[in-house]
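Enquirer: Residue numbers (this note's numbering), protein chains in the order written: chain A, 1 to 270; chain B, 1001 to 1402.
By construction, these hints were calculated from the structure, which means they are not laboratory data.
Careful: at least some of the hints might be erroneous.
[What the hints assert, rightly or not] Restricting the straight-line Cα-Cα distance to at most 20 Å, the calculated cross-link-like pairs of lysine to any residue (SDA-like) are:
#  : chain 1 : residue 1 : chain 2 : residue 2
1  : B       : K1344     : B       : Q1300
2  : A       : K171      : B       : L1021
3  : A       : K91       : A       : R8
4  : A       : K85       : B       : R1057
5  : B       : K1017     : A       : E136
6  : B       : K1017     : A       : H137
7  : B       : K1369     : B       : G1168
8  : B       : K1017     : B       : E1044
9  : B       : K1367     : B       : G1279
10 : B       : K1017     : B       : R1057
11 : A       : K85       : B       : D1296
12 : A       : K85       : B       : Q1300
13 : A       : K85       : B       : V1298
14 : A       : K171      : B       : G1038
15 : A       : K171      : A       : K203
16 : A       : K91       : B       : V1298
17 : A       : K171      : A       : D207
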Amino acid sequence: MMTVADVRAPSLEAYLTERRSQRRLLMPYVTAGVCPDWLELVDAVIDAGADAIEIGIPFSDPAIDGTTIQEATVVALDAGMTPGKALAELKERPFGVPLIAMTHYNLVYRHGHERFATDMVEAGCWASILPDLPFEHAGEWTAAADAVGVENVLLAAPVTSDERLAQVAEKTGGFVYVVSTMGTTGARGAVDDAAGALATRVKSVTDKPAVIGFGISNGETAVAAAEHADGVITASALMRRILDGASIEEAASLVAEIRTALDEAYPPGS
Amino acid sequence: MTDLSDAPVASPDQMGKPDELGFFGEFGGRYVGEPLIGACQEVEDAFVDAWGDPAFRAEFLHVLNTYGGRPSPTTECHNLSEQLGCRLLLKREDLNHTGSHKINNVIGQALLAKRMGKTRLIAETGAGQHGVATATAAALLGMSCTVYMGEVDMKRQALNVFRMRLLGTEVVPAMSGSRTLKDAVNEAMRAWVSEVGDTHYCLGSVMGPHPYPWMVRTFHEIIGIEAKEQVQAITGGLPDVAVACVGGGSNAAGLFAGFADDPSVRLVGAEPAGGAAAGRGVPAIVHGMRAYFMQDEVGQVLEAESISAGLDYPGLGPEHSHLAATKRAEYFPVTDDEVLEAFKLLSRTEGIIPALESAHAIAWVAKAKDELQGQTVLVNMSGRGDKDVEQVQDVLIARGEM
Ligand SMILES: Cc1ncc(COP(=O)(O)O)c(C=O)c1O
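Please construct the entire structure, taking both the sequences and the accompanying hints into account.
Expert: Structure representation (structure tokens):
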């Protein structure tokens, strides 16, 4: 039996806070099991310039996801991916950057809060993103997560009231996930104007890193989104490439393109 | 804000208000993404305000009575009673406008949406009954409407798809997952996120995030309130058992609300054997609520399988989950074969062709007749079978029974 002292995640918030002083953060998302060699995809994406990786653990009813992540979810579930398997496979290899587990709350609940938190830490996951678990209902999970150093990332949406935004900013761990638009996950041609406004509101109430996700599909959208934020998350555009049959190198080149664009627009160290 | 304590609740002890986070005991809540938190709160505030306003309740009742066909009668089934050995009464929600109980909730939510200044309704539908009811209310109140329906269900219930289109509603196929009701719910929730400004999500059962389970039950309480009076007028007393079919559980919740605080009345929900969330389910967090769901060992939701599209749902609303956990209500599975027999039985003995959903309740009574001898049994006839006759004909022909 593992004890709490055996496993403890380092602080994602401290890591990202340190890192953002050097460059804009880039946090790509990979669905566990989206392709047979998905762990190599994670490696390649890290090599292409990721600061952290979100690992999506597929759920049968992904109500917050758009068509691309839904498709990736179906592929992964059909290939037999489960939460236990995803975490066990991640545990087998060290990655150079922190991982963040993103899934729907039911899988955590069913796995057992303590067990999920411990399994996450052993798999190299420093934080969780559970978009369907609002902070009002998160007590059981955050107690288990806190005990092993796992931070729970909360989301802010364009419609989130000022009063609620202050609570989100206070209770979030790791960073504030700034949802760029009122919609599901999915690549978009342009970043919603709401994104910058929301990131600015977040910045005005907290020093925690603010990272924008939903709709970041290339260098251009990343640069636009990162103007008012500490970094970006790209998910659907990357998964789209894999689902369309791209090789790992071709898919990872998207991440390299975004890295280059961000660094050119916001030179490191400046 | 008006306090809802002004507003009537049929059974305040057993089926009262949820707590401030939307829980009935351990079940319920508001497990939605941050973009929908505000929208759910807006619906809750508007509902509390409206239901506490006698003028809103009067308008609601007026529309139900003059347009929806309420009150619906309670019919004593003399022929079938004799055959089964119990005193069988049917609450005739099948006689409502659009053919099922669904219209009660939809009129309530559509009036509420208007009051909130919304111009559009969206809804999910399984059998198409809730979709047709929503399309109807949208036409009546001059609102635009989009209904999400599993692609599989669109084939099974083609006539209802046509009805919705005739009523001016856009029907969008849900292509994900099992392409049935649960996926239509996912699709409607996704759509709502991007349209919250002018759109009300008219959820069709006692499920989803708070306040829906509570609000939808409240709009259906009229079923139980009327039934109680009618049964008393017919028999001089209360029924021994109140029975309803259960998908998400709205028609059952409406019926139960009339009797939940009368401890002598046994409350029974009939679930499809292939979608028995109370019987085979474990607590889960799906569709915005903590409730019983059929799942695999890691927590992936299983697909329900039932002859009736309206009960093809792997979960059970949170208040029913609570009533099941506290044993105030009992839930029993019935098989597709038993349902078909009940469908034929009621048609032949009483001249009432039930919806396949409602036939589940009759099927339980037929199955449990030995324990019901001499008892007064009230069944909610949640809908009529017109939409199902073609499907049943195909099944009976395939079996060589016709
Ligand atoms: C006639 C009828 N009864 C019952 C149901 C099931 O819904 P609920 O369990 O919410 O009453 C439906 C759903 O479509 C229906 O059409």
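Enquirer: Which numbered hints turn out to be false for this structure?
Expert: 1, 4, 7
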